[in-house]
Amino acid sequence: MNSNSDYHFLFKVLLIGNSGVGKSCMLMRYSENQFTNNFYNTIGVDFKTKTVAIGEHNVKLQIWDTAGQDRFRTITCSYYRGAQGIIIVYDITDRESFENVKTWIAEIDKYASESVNRMLVGNKADITERREVSYEEGLELSRQFQIPFYETSAKSSINIEAAFTHITKNILNREIHNTKAVVRKTSNMRLQTRQQQQQQQEKKKQEDLCC
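Counting with UniProt numbering, you get residues 1 to 211 for the letters of the sequence shown.
These aren't lab readings, by the way, just hints derived from the structure by calculation.
Careful, some of the hints might be misleading.
What the hints assert, rightly or not - Here are the simulated lysine-lysine pairs, BS3-like style, with alpha carbons at most 25 angstroms apart:
hint: 1; residue 1: Lys169; residue 2: Lys60
hint: 2; residue 1: Lys12; residue 2: Lys169
hint: 3; residue 1: Lys50; residue 2: Lys60
hint: 4; residue 1: Lys155; residue 2: Lys48
hint: 5; residue 1: Lys48; residue 2: Lys169
Said to hold, decoys possible - So the derived label-pair ranges between C-beta atoms look like this:
hint: 6; residue 1: Gly20; residue 2: Thr128; range: 12 to 22 angstroms
hint: 7; residue 1: Tyr111; residue 2: Thr49; range: 15 to 25 angstroms
hint: 8; residue 1: Glu132; residue 2: Thr49; range: 32 to 42 angstroms
No residue lacks a Cβ here, since even glycine has one placed at the ideal position from N, Cα and C.
Put together the whole structure using the sequences plus the hints.
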């Protein structure tokens, strides 16, 4: 880590899902703790950053808000590459957005890293009177894909912080585990090299004595 840096890790997190499910509102609530009903559809891709403390580590998040419209799909697919985390968002008042979750997960399988951390989020949980997707349905789908699940409300700030913190911790744990694995592998390789060098030196000494 650069000693002048204010963070230890930099993670790229994507928000994906149908247009109108509230991805931009979620991002605004999390990054700036603000909410507005006057959001327009995201054109292509937008992103914000936020640095958070997870234990002893400072983590800088680049959170990318992708457009859900089909005409931008070819633009946003390139942003899957290099992402450490992806949050699939649906609207609990819009069953079609929930039914399209499997399509979005297929996009992840196609374009993202196999090890990318995933999360399912049902947004607009404050609008209970218009609910079309039950909590149990969301939970069952998350279990099917073996990924964490939250219901959130950007308007009421329900579970927004919790969801982003959860996926950040999961990414961090994976990155630290992978780093330790690389260090162990490198150490083992160095040890094997030293042992081989010692064996060669011993062999040479024996050959010199024989001669």
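Can you confirm whether the C-alpha distance between lysine 169 and lysine 60 stays at or below 25 angstroms?
Holds - the C-alpha atoms of lysine 60 and lysine 169 are around 12 angstroms apart, at most 25 angstroms.
Satisfaction of hint between lysine 169 and lysine 48, Cα-Cα up to 25 angstroms:
holds, 19 angstroms
Going straight from one Cα to the other, do lysine 50 and lysine 60 come out at no more than 25 angstroms?
The hint holds at about 6 angstroms.
Starting from lysine 155, check that the Cα of lysine 48 is at most 25 angstroms away, please.
holds, 18 angstroms
Are glycine 20 and threonine 128 spaced within 12 to 22 angstroms by their CB atoms?
Given range 12 to 22 angstroms: holds, Cβ gap about 18 angstroms.
Has the hinted range 15 to 25 angstroms been met by the Cβ atoms of tyrosine 111 and threonine 49?
Holds - the Cβ-Cβ distance for tyrosine 111 and threonine 49, about 22 angstroms, lies within 15 to 25 angstroms.
Against the range 32 to 42 angstroms, how does the distance between the Cβ atoms of glutamate 132 and threonine 49 compare: consistent or not?
holds, 34 angstroms
Need the status of pair lysine 12, lysine 169: alpha-carbon distance at most 25 angstroms?
holds, 13 angstroms
In terms of the numbered hints stated before, the structure departs from none.
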